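S.K.: Below, each chain spelled out in residue letters.
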Amino acid sequence: MEELKSLFLISPELMLFATAIVTLLVDISSRRRPSDSSPRLVTGFALLGLLGALALSLRSLGFAPTEIFSRALSIDPVSQFIKTLLIFAGIITVLQGSMSREIHDTEKGELYALLVLGTLGMCVMASAVHFLLLFLAYEMAGVTCYVLAAFKRRSSLSSEAGVKLFIHGSLTTILFAIGIVMLYGIGKSFNILDIRTQLTSATMPTGYLWVAFGLIFVALAGRLAIFPFHFLAPDIVEGAPSPVSSFFSVSSCIAGMAFALRLCIHIFSAKGDLKWVHLANFEWPDLITAVAAVTMTIGNLTALYQTNLKRLIGYSCIAQVGYLLMGIPVSTHAGIAAVLFSLGTYCVVTLGTFFVIQMVTDSAGSEKITILRGLVWRNPYEGVALCVFLLSLAGLPPLVGFVGRFYILGVVVREKLYWLSIVAAINWVLGLTYYLSMIKQVFSTDAGATAGGPLTTSANFVAKSALAVLLLPTLVLGIYWDPLMNYITRSLGAVAW
Amino acid sequence: MTAYIPVLLLMGVGIAISTVVLILTTFVGPHRPNKKKMSVYECGVPPIGDARRRVSVKFYLVAILFLLFDVEGVFFFPWAAVFRKYLAVNGFILVEMFFFVAILLVGYVYILKKGALEWD
Numbered sequence: 001m002e003e004l005k006s007l008f009l010i011s012p013e014l015m016l017f018a019t020a021i022v023t024l025l026v027d028i029s030s031r032r033r034p035s036d037s038s039p040r041l042v043t044g045f046a047l048l049g050l051l052g053a054l055a056l057s058l059r060s061l062g063f064a065p066t067e068i069f070s071r072a073l074s075i076d077p078v079s080q081f082i083k084t085l086l087i088f089a090g091i092i093t094v095l096q097g098s099m100s101r102e103i104h105d106t107e108k109g110e111l112y113a114l115l116v117l118g119t120l121g122m123c124v125m126a127s128a129v130h131f132l133l134l135f136l137a138y139e140m141a142g143v144t145c146y147v148l149a150a151f152k153r154r155s156s157l158s159s160e161a162g163v164k165l166f167i168h169g170s171l172t173t174i175l176f177a178i179g180i181v182m183l184y185g186i187g188k189s190f191n192i193l194d195i196r197t198q199l200t201s202a203t204m205p206t207g208y209l210w211v212a213f214g215l216i217f218v219a220l221a222g223r224l225a226i227f228p229f230h231f232l233a234p235d236i237v238e239g240a241p242s243p244v245s246s247f248f249s250v251s252s253c254i255a256g257m258a259f260a261l262r263l264c265i266h267i268f269s270a271k272g273d274l275k276w277v278h279l280a281n282f283e284w285p286d287l288i289t290a291v292a293a294v295t296m297t298i299g300n301l302t303a304l305y306q307t308n309l310k311r312l313i314g315y316s317c318i319a320q321v322g323y324l325l326m327g328i329p330v331s332t333h334a335g336i337a338a339v340l341f342s343l344g345t346y347c348v349v350t351l352g353t354f355f356v357i358q359m360v361t362d363s364a365g366s367e368k369i370t371i372l373r374g375l376v377w378r379n380p381y382e383g384v385a386l387c388v389f390l391l392s393l394a395g396l397p398p399l400v401g402f403v404g405r406f407y408i409l410g411v412v413v414r415e416k417l418y419w420l421s422i423v424a425a426i427n428w429v430l431g432l433t434y435y436l437s438m439i440k441q442v443f444s445t446d447a448g449a450t451a452g453g454p455l456t457t458s459a460n461f462v463a464k465s466a467l468a469v470l471l472l473p474t475l476v477l478g479i480y481w482d483p484l485m486n487y488i489t490r491s492l493g494a495v496a497w
Numbered sequence: 498m499t500a501y502i503p504v505l506l507l508m509g510v511g512i513a514i515s516t517v518v519l520i521l522t523t524f525v526g527p528h529r530p531n532k533k534k535m536s537v538y539e540c541g542v543p544p545i546g547d548a549r550r551r552v553s554v555k556f557y558l559v560a561i562l563f564l565l566f567d568v569e570g571v572f573f574f575p576w577a578a579v580f581r582k583y584l585a586v587n588g589f590i591l592v593e594m595f596f597f598v599a600i601l602l603v604g605y606v607y608i609l610k611k612g613a614l615e616w617d
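As they're listed, the protein sequences go chains A and B.
Here the working numbering is used: the first residue of the first sequence is 1, the next is one more, and so on.
Here the working numbering is used: the first residue of the second sequence is 498, the next is one more, and so on.
Treat the hints with caution; some may be incorrect.
As the list claims (entries may be wrong) - Derived DSS-like pairs (lysine-lysine); straight-line CA-CA distance at most 27 Å: (1) A:Lys164 x B:Lys555; (2) A:Lys152 x B:Lys582; (3) B:Lys582 x A:Lys5.
Hints in this document: simulated from the structure, not taken from any laboratory.
Nothing here was measured: the structure is a model prediction, and the numbers come from that model.
Kindly generate the complete structure, drawing on both the sequences and the hints.
M.R.: Okay, here's the thing in C-alpha cells:
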C-alpha cells in the first residue's frame with residue numbers, strides 16, 4: 001500500500017485541492033437567487049477547508065523524513081513547517097478577501113479558489129525535489145498570482161499589475177527552464193539530490209555552473225522580488241487588491257525562500273557536520289551576499305520616497321526579504337534555523353500589517369500615507385496593532401522581529417562576513433526612519449486627524465480576533481522564543497538534506 | 498546527425514518553393530491595377546465602414562477554452578497508448594483517468610454556469 005501511504009503524507013495538499021474544488025462548486029451553485037448574493041457560504045467552506053488543511057499540516061510536522069512519488073516530493077519537518085506557514089497565510093488572506101471592499105461579493109468565490117490553488121502550488125514548491133515538479137509548482141503559484149493581481153477588472157492599475165507580473169513571470173519561467181535543462185545535462189538526472197551527488201563527485205566547469213545557477217537564480221529573484229527583479233513588485237503590491245497584495249508579499253516570499261534553500265543548499269552544497277559546504281570551485285555565497293546587501297539597501301532607500309501606503313509596505317517587504325536572504329550564504333545549521341525562524345516572524349508580522357492597512361484603505365477610500373493620521377485615537381485597537389507590527393518589522397525589542405533579525409545578524413557576524421553585517425546594521429537604522437514616520441502619523445494629533453471618525457470596516461468581531469491571532473506571536477515570541485527556535489533547530493537536524 | 502538530412506532537405510524545399518513563387522509573381526506576373534481590383538476585399542460585396550472596430554472578447558474566450566480542453570485531449574493519448582498494458586496489471590489506471598477527467602469536469606461545469614460559453 002505504498003500509494004496510500006504517499007497519499008496520506010500529502011494530506012495537507014489534498015485537503016487544499018479539495019477546498020479549491022468545493023469552493024468553486026459552492027460558488028456556482030449558490031447563485032440560484034440573484035438577490036441572495038451573500039458570499040457567506042463560500043467563505044465558510046473556504047475557511048473550513050483551509051483550517052482542515054492547517055490541522056493536517058500541523059499533524060504532519062511529526063512525520064519522519066521520507067521521499068515519495070518516485071522521489072519527487074520530500075516530506076520532512078522543515079518542508080511541513082513551511083507549508084504550515086503558507087496555509088496560515090492562506091487563511092489570513094482569505095479572511096482579508098472576505099472583508100475587502102475592493103472585491104465584489106459575486107467574485108469572492110473565485111478569489112478564494114485562486115488563493116487556495118496558489119497556496120497549493122506554493123506548498124508543492126516547498127517540498128518538491130524533482131525539477132519538473134518544482135517547475136510545475138512554480139508555474140502554478142505564478143499563474144494564480146497573475147490572475148489575482150488583475151482581479152479588479154475595472155481598475156487600470158490592477159490590470160497593469162497583472163500584465164506586468166505576467167510578462168515578468170513568463171521571462172523568468174523561460175530562463176528557469178533553460179537553467180533546469182543545463183543542470184539536467186550536467187547532473188544526468190532531474191532529481192535535486194542526484195544532481196548534488198553528481199556535482200560533488202566530480203569537478204564541473206565553473207562557468208557552466210555559474211550560468212546554470214544564474215538562470216535558476218533569475219527564477220528565484222522573480223518569485224522573491226530581490227535585486228535585479230524587484231522593480232515590478234511595488235507596482236503589483238499597489239495595483240492588486242489588498243488581499244492579493246498580502247498574498248503576493250507573504251506567501252510568494254515564503255515559497256521563494258524554500259526554493260532558495262533548495263537551490264543553494266541542496267544542489268550546490270555538500271553536507272558537512274552542522275553546516276553545508278559550497279562546492280570547491282563555485283562560490284555562490286558571494287553572489288547571494290551581494291544580492292542581499294543590494295536588495296536591503298535599495299528597498300530601504302526607495303521606501304523613504306514613497307507617499308502611497310501600499311507601495312511603501314511593498315518596498316519594505318523587499319528590504320525584509322533582503323534581511324532574510326543574508327542568512328542563506330551562512331550555510332550553517334544555526335544560519336538556516338535563523339532564516340526559518342525569521343521567515344515565520346516575517347509571515348505573521350507582514351500579514352498583520354496588510355490586514356490593518358486593508359482596513360484603513362477600504363475605509364478611507366484612498367491609499368496615501370496621510371490616511372493613517374490619528375488612527376490610534378479613532379480606533380485604538382487597530383492603531384496599536386499597526387504600531388506593534390511596524391515596530392516588529394523595524395526590528396525593535398521586545399518584539400519578535402528583533403529576535404529573528406538578531407539571530408541572522410549573529411550568524412553573519414560569526415561567519416566573519418563583517419561588511420555584510422555593517423550594511424545590515426545601516427539598513428536596520430534606515431528602515432527605522434520610515435517605520436517610525438508611519439507610527440508618527442498613526443499617533444498624530446493634528447487638527448483634522450480625528451475628524452475622520454472610527455474606521456467603518458472595523459466593527460467586525462472576526463477581524464478583531466484575526467488581529468489578535470496575529471498579534472499574539474508578535475508579542476509573546478519576542479520574549480519567549482526558545483520553544484520555536486529549538487523546534488526549528490531540531491527539525492533541521494532531523495532532515496536528511 | 499546524418500539522419501537529419503531529410504529534415505534539412507524538407508526545410509530547403511519549403512523555403513525554395515515559397516521564395517521562387519514570390520519572386521516569379523513579382524517580376525514575371527502581369528501588373529495591370531485598376532480601382533476595383535485594388536479596393537479592400539469583403540466577401541465580394543462593397544466594403545462597409547473601416548476595419549478599425551473593437552473585436553468582442555468572446556472570440557478569445559472560445560479559443561482559449563478550446564485550447565484548454567484540447568490539451569486535456571492531448572493528455573489522453575499517452576494514457577491510451579499504455580492503457581492496455583497496465584489494465585492487465587491493475588484496473589486502477591481507469592480510475593486514475595476518471596479522476597483527471599473529473600477535475601477538468603469541475604472546471605467545465607464552472608465555466609458553463611458562469612456563462613463563459615454564452616455567445617451573445
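S.K.: For every hint, state whether the structure bears it out.
M.R.: Hints and how they fare:
1. A:Lys164 x B:Lys555: The given pair, whose Cα atoms are some 24 Å apart, holds under the 27 Å limit.
2. A:Lys152 x B:Lys582: With a Cα-Cα distance of about 49 Å, the restraint between lysine 152 of chain A and lysine 582 of chain B is violated, given a limit of 27 Å.
3. B:Lys582 x A:Lys5: 25 Å, holds
Of the hints listed earlier, the one the structure fails to meet is number 2.
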